[in-house]
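Visitor: Below are the chains, spelled out letter by letter.
There are 2 protein chains.
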Amino acid sequence: MLVHHLYSGGKDSSLSAWILKRLGYEVELVTVSFGTLDNWRFARETAERLGFEHRVLYLSKEILETAAEMAIREGHPNNAIQFIHERALEALASLPEVERVSDGTRRDDRVPLLDLPKARSLEDRFGVAYIRPLLGLGYRTIRELTGKLFVVEVRESEELEKADYEVELRHLLRERGIDPLTIFPRSHYQSRVLGWKE
Amino acid sequence: MLVHHLYSGGKDSSLSAWILKRLGYEVELVTVSFGTLDNWRFARETAERLGFEHRVLYLSKEILETAAEMAIREGHPNNAIQFIHERALEALASLPEVERVSDGTRRDDRVPLLDLPKARSLEDRFGVAYIRPLLGLGYRTIRELTGKLFVVEVRESEELEKADYEVELRHLLRERGIDPLTIFPRSHYQSRVLGWKE
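Residue numbers (the UniProt record's numbering), protein chains in the order written: chain A, 1 to 198; chain B, 1 to 198.
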């Protein structure tokens with residue numbers, strides 16, 4: 001029972017990976033990259049510290065460019081992040097060896113999040129099972145479990161070393177002369193999983 | 001970390017109980033009864049076979065009567081089942097010793113299922129965490145895990161020995177001279193968890 005789990009190195013995707021393992025799955029972590037930066041290395045580093053297999057899945061830079069255009073047009077990154085996540089799930093689910101895909105999306109997330117018709121469509125189009133270990137958990141439960149499991153570094157910073165879609169999207173915006181702060185809400189605190197507790 | 005888990009003895013609520021335990025929770029199973037039948041005993045029997053603590057939570061018969069009136073008026077049991085489930089969660093969450101409530105509702109269920117505002121409202125009104133281990137799993141994943149874990153008895157029967165809300169609701173309808181088959185869809189196969197595999 002091998003599951004391919006979309007992984008950023010953050011708390012949510014790390015907690016999801018742990019849950020999948022507790023359910024008896026063999027877990028391979030997969031970090032998406034558009035090849036414009038090597039920030040996927042932060043996810044690999046955390047994956048190694050947690051003892052999981054890890055691979056990088058390269059997506060076409062056109063997807064990132066389309067997402068950047070959406071973010072610029074709308075003045076907000078939500079639909080762009082959602083667009084990238086759907087393409088990432090499809091790319092992963094379309095690999096011939098993949099039977100189960102997973103991610104760390106949560107009940108209380110607005111994006112990225114697949115609604116029920118989209119979740120079923122992903123499963124039907126690609127013949128995979130789509131597993132979201134955190135979907136039934138609220139923020140209180142997620143905080144309780146991550147606090148018990150992980151050593152987390154919280155830093156006040158514009159951009160922590162992290163491997164989520166946002167980093168390459170911000171980078172592309174900057175390359176086009178656009179200040180990401182005009183599009184992304186300013187977030188003061190970022191967190192990163194450093195390893196297991198104890 | 002004690003969680004009180006609404007339990008019918010069926011596959012979904014048994015799988016959820018197992019997941020909660022794997023996540024490190026101490027699990028107490030809770031079966032709702034309106035006191036009109038003792039079919040909660042089937043849930044207790046399965047709970048004992050699986051090695052979980054179990055208690056019965058008695059709800060007012062008025063709730064069952066209101067649900068029966070809804071089912072009769074609407075000619076369909078969906079809203080009645082949803083109504084009972086919400087009252088069951090509230091009754092459980094309102095107990096002073098309860099900090100976490102859980103159930104076996106699934107992504108692909110139509111009822112009973114709390115939408116996001118209702119789930120958050122339950123947490124906020126009663127100061128509890130609400131955990132749904134199966135919400136992020138599709139039918140394929142649930143089948144895979146239950147098939148690995150449980151010995152299940154499948155029988156062709158109108159009513160297997162089970163402890164879900166439906167049994168007491170059907171019973172009350174019959175007492176009022178109404179054939180449940182005019183309201184409930186006919187389901188030929190029912191399943192019951194008998195114990196752990198191996």
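If you're looking for bench data, these hints aren't it; they were derived computationally from the structure.
Predicted, not measured: the structure shown is a model, and the values here were computed from it.
Hints may be right or wrong, so weigh each one.
The list cannot tell twin chains apart, which means a pair is met if one copy fits it or any two copies do.
Below, simulated DMTMM-like cross-link-like pairs (lysine to aspartate or glutamate); rule was C-alpha separation at most 25 Å, straight line [to be verified]:
| id | residue 1 | residue 2 |
| --- | --- | --- |
| 1 | Lys148 | Glu123 |
| 2 | Lys61 | Asp179 |
| 3 | Lys11 | Asp38 |
| 4 | Lys148 | Glu65 |
Visitor: Evaluate each hint against the coordinates.
Guide: Okay, the hints, checked on the actual structure:
| no. | hint | verdict |
| --- | --- | --- |
| 1 | Lys148 to Glu123 | between (32 Å within a copy, 21 Å between copies) |
| 2 | Lys61 to Asp179 | within (20 Å within a copy, 62 Å between copies) |
| 3 | Lys11 to Asp38 | within (20 Å within a copy, 45 Å between copies) |
| 4 | Lys148 to Glu65 | neither (39 Å within a copy, 44 Å between copies) |
Hint compliance for this structure: hint 4 is the single one not met.
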